[in-house]
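So the chains spell out like this:
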Amino acid sequence: MSEILKVNHLKKYFHEVKAVDDISFSVERGEMFGFLGVNGAGKSTTISMLCTLLKPTGGEAEVAGCVLGKEDEEIKRRIGVVYQWNVLDDLLTVKENLICRGSLYEKDKRKLKKRMEYVCEILALSDVVRRPYGKLSGGQKRRCEIGAALLHTPEILFLDEPTTGLDPATRKSVWQTIGRLQKEMKMTVFLTTHYMEEAAKANHIGIIEKGKMVQYGTPFALKEEFAKDRLIIRYQPKKRDSIEGLLKDTGFLYKIKDEKIIATIPKTVASIPLLERIEHDIEGFEVIQGSMDDVFLNVTGIKGEKI
Amino acid sequence: MNRYIQLTKRNCRIFIRDRGAIFFSLLSMIITLMLMGIFLGNMNVENVTGLLKEYGGARDLEADKENAKHLVEYWTLAGILMINAVTVTMAVMSNMVQDSCEKKSDSFYCTPVKKGIIAISYVTSAVILGMLLCVVPFVLALVYIAAGGGKLLSLTVIVKLLGCMALNVLIFSVIMYLLASLVKSRSAWSGLGTIIGTLAGFAGAVYLSMNMLPEKVGTVLKCLPILHGTSLMRKLCCEDILATTFSGLPEELLEEYQEAMGITVVMGDSVVSDEFQVAFLLICGIIALGIAATVSMRRKAAER
Numbered sequence: 009m010s011e012i013l014k015v016n017h018l019k020k021y022f023h024e025v026k027a028v029d030d031i032s033f034s035v036e037r038g039e040m041f042g043f044l045g046v047n048g049a050g051k052s053t054t055i056s057m058l059c060t061l062l063k064p065t066g067g068e069a070e071v072a073g074c075v076l077g078k079e080d081e082e083i084k085r086r087i088g089v090v091y092q093w094n095v096l097d098d099l100l101t102v103k104e105n106l107i108c109r110g111s112l113y114e115k116d117k118r119k120l121k122k123r124m125e126y127v128c129e130i131l132a133l134s135d136v137v138r139r140p141y142g143k144l145s146g147g148q149k150r151r152c153e154i155g156a157a158l159l160h161t162p163e164i165l166f167l168d169e170p171t172t173g174l175d176p177a178t179r180k181s182v183w184q185t186i187g188r189l190q191k192e193m194k195m196t197v198f199l200t201t202h203y204m205e206e207a208a209k210a211n212h213i214g215i216i217e218k219g220k221m222v223q224y225g226t227p228f229a230l231k232e233e234f235a236k237d238r239l240i241i242r243y244q245p246k247k248r249d250s251i252e253g254l255l256k257d258t259g260f261l262y263k264i265k266d267e268k269i270i271a272t273i274p275k276t277v278a279s280i281p282l283l284e285r286i287e288h289d290i291e292g293f294e295v296i297q298g299s300m301d302d303v304f305l306n307v308t309g310i311k312g313e314k315i
Numbered sequence: 390m391n392r393y394i395q396l397t398k399r400n401c402r403i404f405i406r407d408r409g410a411i412f413f414s415l416l417s418m419i420i421t422l423m424l425m426g427i428f429l430g431n432m433n434v435e436n437v438t439g440l441l442k443e444y445g446g447a448r449d450l451e452a453d454k455e456n457a458k459h460l461v462e463y464w465t466l467a468g469i470l471m472i473n474a475v476t477v478t479m480a481v482m483s484n485m486v487q488d489s490c491e492k493k494s495d496s497f498y499c500t501p502v503k504k505g506i507i508a509i510s511y512v513t514s515a516v517i518l519g520m521l522l523c524v525v526p527f528v529l530a531l532v533y534i535a536a537g538g539g540k541l542l543s544l545t546v547i548v549k550l551l552g553c554m555a556l557n558v559l560i561f562s563v564i565m566y567l568l569a570s571l572v573k574s575r576s577a578w579s580g581l582g583t584i585i586g587t588l589a590g591f592a593g594a595v596y597l598s599m600n601m602l603p604e605k606v607g608t609v610l611k612c613l614p615i616l617h618g619t620s621l622m623r624k625l626c627c628e629d630i631l632a633t634t635f636s637g638l639p640e641e642l643l644e645e646y647q648e649a650m651g652i653t654v655v656m657g658d659s660v661v662s663d664e665f666q667v668a669f670l671l672i673c674g675i676i677a678l679g680i681a682a683t684v685s686m687r688r689k690a691a692e693r
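Chains A and U, in that order, are what the protein sequence lines are.
This note's numbering puts the first residue of the first sequence at 9, with every later residue one more than the last.
This note's numbering puts the first residue of the second sequence at 390, with every later residue one more than the last.
In case anyone wonders, no lab produced these hints; they're calculated from the structure.
Each hint should be verified, as a subset may be incorrect.
Derived lysine-lysine pairs resembling DSSO-like cross-links, with alpha carbons at most 30 Å apart [unchecked claim]:
| no. | chain 1 | residue 1 | chain 2 | residue 2 |
| --- | --- | --- | --- | --- |
| 1 | A | LYS236 | A | LYS180 |
| 2 | A | LYS209 | A | LYS220 |
| 3 | A | LYS149 | U | LYS540 |
| 4 | U | LYS493 | A | LYS220 |
| 5 | A | LYS119 | A | LYS191 |
| 6 | A | LYS231 | A | LYS265 |
| 7 | A | LYS63 | U | LYS504 |
| 8 | A | LYS236 | A | LYS247 |
| 9 | A | LYS63 | A | LYS115 |
| 10 | A | LYS78 | U | LYS492 |
| 11 | U | LYS493 | A | LYS117 |
| 12 | A | LYS194 | A | LYS236 |
| 13 | A | LYS119 | A | LYS143 |
| 14 | U | LYS398 | A | LYS117 |
| 15 | A | LYS194 | A | LYS231 |
| 16 | U | LYS492 | A | LYS115 |
| 17 | U | LYS503 | A | LYS115 |
| 18 | U | LYS504 | A | LYS122 |
| 19 | A | LYS26 | U | LYS689 |
| 20 | A | LYS194 | A | LYS103 |
| 21 | A | LYS218 | A | LYS117 |
| 22 | U | LYS398 | A | LYS119 |
| 23 | A | LYS14 | U | LYS493 |
| 24 | A | LYS78 | A | LYS103 |
| 25 | A | LYS63 | A | LYS122 |
| 26 | A | LYS246 | A | LYS220 |
| 27 | A | LYS149 | U | LYS398 |
| 28 | U | LYS504 | A | LYS19 |
| 29 | A | LYS220 | U | LYS492 |
| 30 | A | LYS63 | U | LYS492 |
| 31 | A | LYS218 | U | LYS573 |
| 32 | U | LYS611 | A | LYS63 |
| 33 | A | LYS14 | A | LYS231 |
Rough simulated footprint, nothing fancy, chain A against chain U, three-plus residues with beta-carbon under 8 Å [what the hints assert, rightly or not]:
| no. | stretch |
| --- | --- |
| 34 | 391-399 |
| 35 | 487-495 |
| 36 | 498-504 |
Note that CB positions come from ideal geometry on N, CA and C, so glycine has one too.
Please construct the entire structure, taking both the sequences and the accompanying hints into account.
In structure tokens form, the structure reads like this:
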């Protein structure tokens with residue numbers, strides 16, 4: 009696969025504030041790239057630079073084969089952006105909104121109409137095209153926003169926190185849409201999100217902190233490195249000491265909280281031999297797999313309270 | 390071109406579908422009409438008939454009263470056309486403020502459309518809707534005046550008036566674009582709207598005639614485009630009816646009345662010409678455009 013996005017030592021300084029400080033990474037064509045970071049880490053500033061809205065202080069980037077800063081006009085033709093806030097107009101119908109946005113790229117009205125019909129079909133918007141955008145539900149609005157960004161068939165779609173503020177069911181439906189788009193249109197998706205379970209769907213993940221790229225890898229590799237599985241044991245009141253002794257002997261790290269022993273294990277299957285030995289000393293157990301939440305909290309150094 | 394048309398269409402549609410915005414953009418006109426209907430109109434008619442009685446010798450009082458009424462109607466019409474040129478363009482330009490505050494502008498700036506085209510589309514939509522909401526009251530007012538027995542304006546005057554309306558609307562659209570590019574929040578814009586909507590009536594000498602204002606205030610008003618725009622419209626609207634109403638009276642009286650009512654504007658010792666007033670309006674528009682361009686360039690430089 010070829011690289012559709014190449015970022016090399018990209019910087020954006022606002023006087024003394026280093027919003028983006030010398031980041032480098034690349035995104036493969038057709039993949040989903042998750043760009044994570046806490047609020048103010050520099051995600052949106054990076055996207056704004058890649059979308060040509062902000063001029064970088066330094067560094068280079070190539071978006072869909074075009075050099076940032078030199079071929080901005082062409083970059084704009086090749087990207088689609090879905091913002092975390094809605095940008096379509098409440099008082100216009102969905103169709104009017106889509107035609108207005110699409111005509112900023114496409115002159116041929118027939119082509120645009122065809123394209124709009126296709127986008128409405130894959131995003132399940134055909135039933136609402138004549139309705140005012142302002143009267144739609146949150147999920148329908150998000151799908152319209154994605155539709156507006158897709159009308160000119162961009163090579164790369166930037167999704168800046170596309171599901172922020174949506175209820176779980178709507179979030180799921182938006183994600184199904186994004187997944188389908190990626191599969192059917194083979195589109196490169198550049199995503200920022202606060203929901204770690206969403207980030208786990210990406211092919212690669214980059215984590216940015218205080219303007220610097222602190223980690224890059226596949227969700228699997230990052231989980232392997234930064235997320236540990238946990239075994240939670242509810243012990244019988246008189247058996248705590250013997251279980252603790254066994255954990256010490258076998259070299260497992262553990263802590264005690266709310267009358268439960270929480271042991272860190274390298275893999276979920278490592279819990280089987282241990283459980284066999286303490287089978288008669290416990291009242292119950294739970295094995296929890298390391299998640300992207302752990303990766304994010306460990307990488308960004310935020311002390312999260314996990315069970 | 391297609392992009393420009395689509396963006397202009399979008400701006401117009403958003404305004405037209407917001408009935409509240411249309412109502413409030415016409416509020417200053419409605420207030421003016423109410424004030425005229427309740428007391429200002431009668432006061433102005435009585436002023437004219439008083440003058441005619443005092444200086445006109447033996448006259449047909451009924452005819453004088455009728456002429457004075459139509460004169461005040463045409464004078465008011467010119468005033469509300471000017472007020473609408475200011476308030477409607479301002480209301481339409483709230484689209485731009487809203488786009489900027491709701492960060493919708495970014496979604497336009499990351500398309501291949503040039504920023505200049507986006508800016509022109511805002512101004513064009515303000516011009517189109519400003520013209521529309523001047524022409525509709527204009528036609529309705531002509532019908533009202535004609536129904537009340539008033540003499541209709543000639544076709545030449547109507548065409549000239551439409552040209553004047555277009556000039557006023559264009560200049561105020563550009564000025565409003567400048568103001569919109571300086572304002573950072575919707576509440577600031579609506580506050581500014583309240584101030585401008587109220588002041589427009591005074592600045593155009595609609596609520597109070599020029600002779601009722603303190604001299605210093607009058608001097609300030611003569612440096613603003615509103616008074617000159619209103620004066621151009623009043624000259625066209627009132628030319629015929631003034632001649633009829635003041636027939637047989639000394640020329641000085643007519644000149645004094647025209648100056649007092651803001652039909653003509655005196656700067657220094659002489660009445661300024663139409664050409665001067667048109668040039669003055671154009672220069673105001675060019676200055677506003679220049680400042681708007683400078684503001685935009687400075688912002689661009691600050692981004693770097």
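Now for the hints, and whether the structure bears them out:
Our distance criterion of 30 Å between C-alpha atoms is met by LYS236 of chain A and LYS180 of chain A, whose separation comes to about 26 Å. For the proposed pair LYS209 of chain A and LYS220 of chain A, the alpha carbon gap of about 23 Å is at most 30 Å, so the pair holds. Taking the CA atoms of LYS149 of chain A and LYS540 of chain U, the gap is near 55 Å; set against the 30 Å cutoff, the hint is violated. In summary, the hint linking LYS493 of chain U to LYS220 of chain A is supported, as the alpha carbons are separated by about 28 Å, within the 30 Å threshold.
For the hint pairing LYS119 of chain A with LYS191 of chain A, the CA-to-CA distance comes to about 23 Å; that is within 30 Å, so the pair holds. For the hint pairing LYS231 of chain A with LYS265 of chain A, the CA-to-CA distance comes to about 24 Å; that is within 30 Å, so the pair holds. For the proposed pair LYS63 of chain A and LYS504 of chain U, the alpha carbon gap of about 15 Å is at most 30 Å, so the pair holds. Using a Cα cut-off of 30 Å, the hinted pair LYS236 of chain A and LYS247 of chain A holds, with the two alpha carbons roughly 26 Å apart.
For the suggested pair LYS63 of chain A and LYS115 of chain A, the alpha carbons sit about 28 Å apart, so the restraint of at most 30 Å is met. Straight-line distance between C-alpha atoms of LYS78 of chain A and LYS492 of chain U comes to about 25 Å, which keeps the hinted pair within the 30 Å bound. For the hint linking LYS493 of chain U to LYS117 of chain A, the alpha-carbon distance of about 24 Å falls within 30 Å, and the restraint holds. Taking the CA atoms of LYS194 of chain A and LYS236 of chain A, the gap is near 33 Å; set against the 30 Å cutoff, the hint is violated.
With a C-alpha separation of about 28 Å, the suggested pairing of LYS119 of chain A with LYS143 of chain A holds against the 30 Å cut-off. In summary, the hint linking LYS398 of chain U to LYS117 of chain A is supported, as the alpha carbons are separated by about 15 Å, within the 30 Å threshold. For the proposed pair LYS194 of chain A and LYS231 of chain A, the alpha carbon gap of about 26 Å is at most 30 Å, so the pair holds. Restraint check for LYS492 of chain U and LYS115 of chain A: satisfied, since their Cα atoms lie roughly 25 Å apart, inside the 30 Å limit.
A threshold of 30 Å between alpha carbons decides the hint, and for LYS503 of chain U with LYS115 of chain A the separation of about 15 Å falls inside it, so the pair holds. Restraint check: the Cα-Cα separation between LYS504 of chain U and LYS122 of chain A comes to about 28 Å, which is no more than 30 Å; the hinted pair holds. For the hint linking LYS26 of chain A to LYS689 of chain U, the alpha-carbon distance of about 19 Å falls within 30 Å, and the restraint holds. Restraint check: the Cα-Cα separation between LYS194 of chain A and LYS103 of chain A comes to about 25 Å, which is no more than 30 Å; the hinted pair holds.
Pair hint LYS218 of chain A plus LYS117 of chain A does not hold up; C-alpha atoms about 45 Å apart against a cutoff of 30 Å. A distance of roughly 20 Å separates the Cα atoms of LYS398 of chain U and LYS119 of chain A; the hinted pair therefore holds under the 30 Å criterion. Between LYS14 of chain A and LYS493 of chain U the CA atoms are separated by roughly 27 Å; this keeps the pair inside 30 Å, and the hint holds. Pair hint LYS78 of chain A plus LYS103 of chain A does not hold up; C-alpha atoms about 34 Å apart against a cutoff of 30 Å.
For the hint pairing LYS63 of chain A with LYS122 of chain A, the CA-to-CA distance comes to about 35 Å; that exceeds 30 Å, so the pair is violated. Using a Cα cut-off of 30 Å, the hinted pair LYS246 of chain A and LYS220 of chain A is violated, with the two alpha carbons roughly 50 Å apart. For the suggested pair LYS149 of chain A and LYS398 of chain U, the alpha carbons sit about 22 Å apart, so the restraint of at most 30 Å is met. For the given pair, LYS504 of chain U sits about 25 Å from LYS19 of chain A by alpha-carbon distance, which is consistent with the 30 Å threshold.
Between LYS220 of chain A and LYS492 of chain U the alpha-carbon distance is near 26 Å, which keeps this suggested pair within the 30 Å criterion. Between the alpha carbons of LYS63 of chain A and LYS492 of chain U the distance comes to roughly 18 Å, so the proposed pair stays at or under 30 Å and holds. With a C-alpha separation of about 28 Å, the suggested pairing of LYS218 of chain A with LYS573 of chain U holds against the 30 Å cut-off. Restraint check for LYS611 of chain U and LYS63 of chain A: not satisfied, since their Cα atoms lie roughly 45 Å apart, outside the 30 Å limit.
Our distance criterion of 30 Å between C-alpha atoms is met by LYS14 of chain A and LYS231 of chain A, whose separation comes to about 25 Å. Closer than 8 Å: that is the beta-carbon criterion, and the stretch 391-399 of chain U has 6 residues meeting it against chain A, so the requirement of 3 holds. Look at the stretch 487-495 of chain U against chain A: 4 of its residues bring a Cβ nearer than 8 Å to a Cβ of that chain, three or more, so the hint holds. Residue count for the stretch 498-504 of chain U with a Cβ under 8 Å from a Cβ of chain A: 5. That meets the three needed, and the coverage hint holds.
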